[in-house]
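Here the protein sequences line up with chains A and B, keeping their order. For the first sequence, the working numbering begins at 1 and goes up steadily by one. For the second sequence, the working numbering begins at 579 and goes up steadily by one.
Treat the hints with care, since some could be wrong.
Computed list of lysine to any residue pairs in SDA-like fashion (alpha-carbon distance at most 25 Å, straight line) [stated by the list, open to error]:
{"id": "1", "chain 1": "A", "residue 1": "278", "chain 2": "A", "residue 2": "417"}
{"id": "2", "chain 1": "A", "residue 1": "494", "chain 2": "B", "residue 2": "779"}
{"id": "3", "chain 1": "A", "residue 1": "453", "chain 2": "B", "residue 2": "627"}
{"id": "4", "chain 1": "A", "residue 1": "473", "chain 2": "A", "residue 2": "492"}
{"id": "5", "chain 1": "A", "residue 1": "567", "chain 2": "A", "residue 2": "278"}
{"id": "6", "chain 1": "B", "residue 1": "791", "chain 2": "A", "residue 2": "154"}
{"id": "7", "chain 1": "A", "residue 1": "111", "chain 2": "B", "residue 2": "734"}
{"id": "8", "chain 1": "A", "residue 1": "111", "chain 2": "B", "residue 2": "647"}
{"id": "9", "chain 1": "A", "residue 1": "207", "chain 2": "B", "residue 2": "632"}
{"id": "10", "chain 1": "A", "residue 1": "207", "chain 2": "B", "residue 2": "669"}
{"id": "11", "chain 1": "A", "residue 1": "153", "chain 2": "B", "residue 2": "641"}
{"id": "12", "chain 1": "A", "residue 1": "207", "chain 2": "A", "residue 2": "494"}
{"id": "13", "chain 1": "A", "residue 1": "207", "chain 2": "B", "residue 2": "647"}
{"id": "14", "chain 1": "A", "residue 1": "340", "chain 2": "B", "residue 2": "631"}
{"id": "15", "chain 1": "A", "residue 1": "340", "chain 2": "B", "residue 2": "733"}
{"id": "16", "chain 1": "A", "residue 1": "462", "chain 2": "A", "residue 2": "567"}
{"id": "17", "chain 1": "A", "residue 1": "494", "chain 2": "B", "residue 2": "618"}
{"id": "18", "chain 1": "A", "residue 1": "494", "chain 2": "B", "residue 2": "734"}
{"id": "19", "chain 1": "A", "residue 1": "453", "chain 2": "B", "residue 2": "721"}
{"id": "20", "chain 1": "A", "residue 1": "494", "chain 2": "A", "residue 2": "477"}
{"id": "21", "chain 1": "A", "residue 1": "153", "chain 2": "B", "residue 2": "796"}
{"id": "22", "chain 1": "A", "residue 1": "111", "chain 2": "B", "residue 2": "671"}
{"id": "23", "chain 1": "A", "residue 1": "207", "chain 2": "A", "residue 2": "454"}
{"id": "24", "chain 1": "A", "residue 1": "317", "chain 2": "B", "residue 2": "631"}
{"id": "25", "chain 1": "A", "residue 1": "153", "chain 2": "B", "residue 2": "732"}
{"id": "26", "chain 1": "A", "residue 1": "547", "chain 2": "A", "residue 2": "278"}
{"id": "27", "chain 1": "A", "residue 1": "473", "chain 2": "A", "residue 2": "524"}
{"id": "28", "chain 1": "B", "residue 1": "820", "chain 2": "B", "residue 2": "707"}
Computed spacing ranges between beta-carbons, pair by pair [claimed, not checked]:
{"id": "29", "chain 1": "B", "residue 1": "738", "chain 2": "A", "residue 2": "434", "range": "29 to 37 Å"}
{"id": "30", "chain 1": "B", "residue 1": "784", "chain 2": "A", "residue 2": "92", "range": "18 to 26 Å"}
{"id": "31", "chain 1": "A", "residue 1": "315", "chain 2": "B", "residue 2": "806", "range": "50 to 58 Å"}
{"id": "32", "chain 1": "A", "residue 1": "536", "chain 2": "B", "residue 2": "670", "range": "40 to 48 Å"}
{"id": "33", "chain 1": "B", "residue 1": "615", "chain 2": "A", "residue 2": "431", "range": "42 to 50 Å"}
{"id": "34", "chain 1": "B", "residue 1": "713", "chain 2": "A", "residue 2": "304", "range": "32 to 40 Å"}
{"id": "35", "chain 1": "A", "residue 1": "441", "chain 2": "B", "residue 2": "647", "range": "18 to 26 Å"}
{"id": "36", "chain 1": "A", "residue 1": "58", "chain 2": "B", "residue 2": "647", "range": "50 to 58 Å"}
{"id": "37", "chain 1": "B", "residue 1": "706", "chain 2": "A", "residue 2": "92", "range": "32 to 40 Å"}
{"id": "38", "chain 1": "A", "residue 1": "431", "chain 2": "B", "residue 2": "601", "range": "43 to 51 Å"}
{"id": "39", "chain 1": "B", "residue 1": "682", "chain 2": "A", "residue 2": "481", "range": "53 to 61 Å"}
Calculated directly from the structure, the hints in this document are not laboratory data. No residue lacks a Cβ here, since even glycine has one placed at the ideal position from N, Cα and C.
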Amino acid sequence: MATTHTYDAVIIGAGGAGMRAAIETSDRVRTAVISKLYPTRSHTGAAQGGVCAALANVEEDYPEWHAFDTVKGGDYLVDQPAAQLMTEEAVDAIYELEHWGLPFNRTPDGKLDQRRFGGHTRNHGEAAVRRACYAADRTGHMILQTLYQQCVKRNVRFFNEFYCLDLLMEEGRVAGVVAYELATGDLHVFRAKTVMFATGGYGRMFKVSSNAHALTGDGPAVAFRRGIPLEDMEFFQFHPTGLNKLGILLSEGARGEGAILLNKDGERFMERYAPTIKDLAPRDMVSRAIFQEMKEGRGAGPSGDYVFLDFRHLDPKVLEEKLPDITEFSRVYLRVEPTKELVPIQPTAHYAMGGIPTDVDGRVVVGPQETPVPGLYAAGECACVSVHGANRLGTNSLLDIVVFGRRGGADMAAYAAGTEAPDLPGAPVGSTLDMLNGLLTRERAENAADIRKDLQAQMYEKAFVVRTEDGLKEMKRDLANLRDRYSRVGVQDKGSVFNTDLMEAVELGFLLDCADALVTAALARDESRGGHYREDHPLRDDANWLKHSLAYREEDGSVRLEFKPVKMGPYLPMERKY
Amino acid sequence: MAPDPTTGRVLRDSDEGSVAAAATVSLTLRIRRYNPEVADDPWWDEFTVTMEPTDRLLDALHEVKWHQDGTLGLRRSCAHGICGSDAMLINGRNALACKVLVQDVAPKATIEPIRGLPVLKDLIVDMEPFFAGYRSVLPFLINDDGDPERERSQSPEDRHRYDDTTKCILCAACTTSCPIFWGDGEYVGPAAIVNAHRFIFDSRDQGARDRLKILSEKTGVFRCRTTFNCTDACPRGIEVTKAIQEVKRAILFDRF
Ligand SMILES: Cc1cc2nc3c(=O)[nH]c(=O)nc-3n(C[C@H](O)[C@H](O)[C@H](O)COP(=O)(O)OP(=O)(O)OC[C@H]3O[C@@H](n4cnc5c(N)ncnc54)[C@H](O)[C@@H]3O)c2cc1C
Ligand code: SF4
Ligand code: FES
């Protein structure tokens with residue numbers, strides 16, 4: 001039988017968002033953090049370029065300029081009050097990280113240094129502005145380490161290598177979660193007054209991605225299966241500069257430091273697409289520009305399927321001191337010497353703008369009326385506040401995780417302190433056991449790894465940078481087929497000790513759910529906005545589509561869509577030019 | 579400076595690279611296995627996979643796991659050397675499987691779990707003793723002055739003083755390559771010292787005295803015999819031995 005634990009606050013995920021929330025709750029209410037990875041293995045550690053705030057340390061800057069850029073960068077699908085709040089709280093959030101010891105790079109006079117990043121501008125688009133605080137090109141690593149250090153200091157209770165597989169609800173409120181302990185194969189019930197999902201992204205549904213193997217959308221999928229909608233799933237960010245074929249990220253910080261994009265003719269093609277800020281245009285625009293170059297025959301290599309990032313004109317000291325990790329990635333994985341050679345790059349699936357809908361206090365809200373689900377929270381990449389709208393600006397996600405991790409944690413603690421422990425539903429582990437036993441006992445008619453590979457290849461072909469109605473319709477059929485095959489998956493490892501074979505099969509099921517929601521919403525949205533580009537509807541259509549999508553999983557397995565309005569503010573939608 | 583990628587060997591090289599990648603190689607993996615549900619003792623298995631030379635060794639292990647033996651146990655996540663999950667003993671040396679390319683080990687590689695920590699299954703070891711060592715050195719900024727309104731000031735030179743040791747990803751490659759650590763469960767090991775160094779030499783920190791006291795105890799830095807295994811093993815290129823020497827010197831000469 002499953003072991004039962006009782007907590008006030010249970011946080012699923014120990015990346016930046018989860019640990020920032022735990023720091024907030026752990027002093028005030030009984031807190032557990034459940035993570036399938038050791039906290040320091042979380043993908044926040046992969047973030048490179050920076051985290052921004054209008055500190056104005058090196059040039060004039062204001063949170064209001066930052067808010068404007070966030071809204072415009074998000075192609076006006078951003079909820080403007082949330083963006084205003086995030087950009088205002090950014091300043092203190094950065095100081096807090098510094099006070100906790102984060103080793104940011106410094107200016108000669110000892111202040112936090114700041115650098116340029118895509119889409120961040122002075123005075124509503126005049127020119128690129130230095131707003132991103134950074135620690136070389138391992139900013140995310142330093143945030144993850146610093147937050148973990150603070151958790152160690154506070155003795156936060158972690159359940160490492162525990163996989164959350166189900167959300168428990170009772171009479172419309174949260175009752176807890178079910179988790180699988182990897183080391184033993186045991187199931188655990190965490191009875192909890194509040195639960196927060198902070199499980200990160202789901203980029204692993206695409207063949208080329210900057211995301212870790214572990215980023216399989218578990219939190220969103222678990223919630224989706226329990227009737228919680230997923231918001232704006234059609235908006236996925238394809239970062240322009242992943243290492244060719246591998247997808248390993250070369251931070252935008254590279255272009256912030258002066259690296260430029262070249263096509264096979266050696267032309268700096270971004271001058272044609274974004275004459276003002278050129279290579280530092282927002283990611284969706286740069287990725288589309290790269291695809292356009294390839295389509296018009298200016299891609300490099302035998303199949304014309306990549307372009308180049310050029311660092312050769314930079315002082316080698318800049319690479320060594322400010323971009324050491326990405327310099328090494330290019331050396332180790334492509335055997336290319338960036339100080340002398342061009343680095344082959346291509347767009348890579350990078351960031352999920354969509355996710356579990358929340359308000360600015362991390363509370364999960366459902367339906368067009370935004371009804372809160374008592375006790376349920378989400379923060380970080382798996383959540384959709386929405387501060388990123390249709391396209392996230394670089395450095396705004398690390399900001400999102402600390403700002404909304406903190407706010408969500410604070411609200412959880414306050415709510416938990418004033419509420420009674422919930423009752424558990426009957427047979428809390430029933431459906432989890434059915435799922436696991438199915439995978440363990442079925443004959444292996446299908447191999448999860450093959451289905452995952454097909455999913456990734458098909459999504460890369462039909463739901464990537466450039467989408468069409470025909471492609472997405474085909475992808476829907478592909479998904480039905482993949483799901484059918486998935487129902488016949490059996491695993492080879494029948495054991496209970498570190499059965500990662502079993503967990504990979506479960507994760508594939510989560511990915512399929514997220515892909516279903518993504519493709520359904522992408523097919524419905526017959527306009528182009530931010531990261532969602534429909535070749536058959538290339539223009540933004542504010543009259544019909546200035547709204548968020550909400551995808552629900554129906555009893556029969558199909559996906560139903562609803563919509564809710566964007567929260568507007570001072571910024572009126574205008575054409576996005578840079 | 580006008581970049582001109584159309585001339586010179588630059589472009590040809592990267593193109594040749596991508597053409598060469600199309601040819602595949604065969605790689606035989608000899609893996610030390612252990613599964614407490616199957617047998618009391620470890621055993622060896624051999625698998626042969628066909629890979630692209632530029633694939634990572636981690637990709638080859640995945641090929642085994644996904645298509646030959648699903649029971650193979652290993653940890654991994656990021657697949658590009660930043661999460662610290664997949665340190666293993668590869669041809670007798672500690673490395674991250676995701677940072678070793680197939681072409682560098684083909685046609686044959688021997689793979690074992692890192693040493694000195696209890697093996698739980700195949701390449702998965704119990705990391706708890708390792709993290710306990712890390713936690714013992716007070717790995718967090720200690721400063722009792724109260725937080726200023728803005729950032730604390732730190733010069734670029736002071737920031738540089740501890741830059742190297744901030745790179746640590748807690749992969750345990752150093753600690754589990756250290757003969758003193760194998761021989762003696764008491765030694766906190768290089769990684770814990772690296773993480774203490776990161777704070778001891780941070781001008782904003784005030785906890786050096788406590789950390790140096792912990793590290794001067796019998797489980798601390800003076801166990802180190804300067805074999806340099808740790809520095810060789812570190813996938814982040816941290817000068818581990820140098821950091822340990824600096825901590826030793828701080829204890830001996832600064833008399834905190
Ligand atoms: C290569 C790269 C570079 C980036 N660079 C930047 C940058 O420079 N600036 C910026 O702002 N953003 C950047 N981003 C984006 C940003 O890093 C991420 O969006 C952010 O770190 C996500 O944090 P998180 O806490 O939401 O999730 P993560 O850090 O991914 O953590 C997810 C956590 O959830 C846990 N988990 C998942 N599923 C389960 C489950 N079923 N049960 C239990 N636990 C589970 C995992 O163990 C993990 O602890 C980058 C992203 C990538 C991939
Ligand atoms: S010092 Fe290097 S080898 Fe040791 S744990 Fe840190 S990163 Fe790994
Ligand atoms: S898988 Fe992350 S370091 Fe190798």
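Against the structure, the hints come out as follows:
1. A:278 with A:417: Status violated; Cα separation ~51 Å.
2. A:494 with B:779: violated (49 Å)
3. A:453 with B:627: With a Cα-Cα distance of about 17 Å, the restraint between residue 453 of chain A and residue 627 of chain B holds, given a limit of 25 Å.
4. A:473 with A:492: violated (33 Å)
5. A:567 with A:278: violated (30 Å)
6. B:791 with A:154: Holds. Residue 791 of chain B to residue 154 of chain A sits at ~21 Å (cutoff 25 Å).
7. A:111 with B:734: holds (9 Å)
8. A:111 with B:647: violated (54 Å)
9. A:207 with B:632: holds (17 Å)
10. A:207 with B:669: violated (30 Å)
11. A:153 with B:641: violated (40 Å)
12. A:207 with A:494: violated (28 Å)
13. A:207 with B:647: Since the Cα atoms of residue 207 of chain A and residue 647 of chain B sit roughly 23 Å apart, the hinted pair holds (cutoff 25 Å).
14. A:340 with B:631: Measuring from Cα to Cα gives roughly 23 Å; hence the hint holds.
15. A:340 with B:733: violated (32 Å)
16. A:462 with A:567: Violated. Residue 462 of chain A to residue 567 of chain A sits at ~31 Å, over the 25 Å cutoff.
17. A:494 with B:618: holds (18 Å)
18. A:494 with B:734: The hint is violated at about 55 Å.
19. A:453 with B:721: Violated. Residue 453 of chain A to residue 721 of chain B sits at ~50 Å, over the 25 Å cutoff.
20. A:494 with A:477: The given pair, whose Cα atoms are some 32 Å apart, is violated under the 25 Å limit.
21. A:153 with B:796: holds (24 Å)
22. A:111 with B:671: violated (42 Å)
23. A:207 with A:454: holds (9 Å)
24. A:317 with B:631: violated (31 Å)
25. A:153 with B:732: Distance ~23 Å between residue 153 of chain A and residue 732 of chain B Cα, so the pair holds.
26. A:547 with A:278: violated (29 Å)
27. A:473 with A:524: Cα-Cα ~10 Å, so holds.
28. B:820 with B:707: holds (24 Å)
29. B:738 with A:434: 29 to 37 Å: violated (56 Å)
30. B:784 with A:92: 18 to 26 Å: Since the Cβ atoms of residue 784 of chain B and residue 92 of chain A sit about 23 Å apart, the hinted range of 18 to 26 Å holds.
31. A:315 with B:806: 50 to 58 Å: Check failed, 32 Å falls outside 50 to 58 Å.
32. A:536 with B:670: 40 to 48 Å: Given a distance of about 57 Å, which is not inside 40 to 48 Å, the answer is violated.
33. B:615 with A:431: 42 to 50 Å: Check failed, 26 Å falls outside 42 to 50 Å.
34. B:713 with A:304: 32 to 40 Å: At roughly 52 Å between Cβ atoms, residue 304 of chain A and residue 713 of chain B fall outside 32 to 40 Å, so the hint is violated.
35. A:441 with B:647: 18 to 26 Å: Hint holds: Cβ distance 19 Å, inside 18 to 26 Å.
36. A:58 with B:647: 50 to 58 Å: The hinted range 50 to 58 Å holds for residue 58 of chain A and residue 647 of chain B, with Cβ atoms some 55 Å apart.
37. B:706 with A:92: 32 to 40 Å: holds (36 Å)
38. A:431 with B:601: 43 to 51 Å: At 48 Å between Cβs, range holds.
39. B:682 with A:481: 53 to 61 Å: Given about 39 Å between the Cβ atoms, the range is violated.
The structure does not agree with the numbered hints 1, 2, 4, 5, 8, 10, 11, 12, 15, 16, 18, 19, 20, 22, 24, 26, 29, 31, 32, 33, 34, 39 stated previously, though it agrees with the rest.
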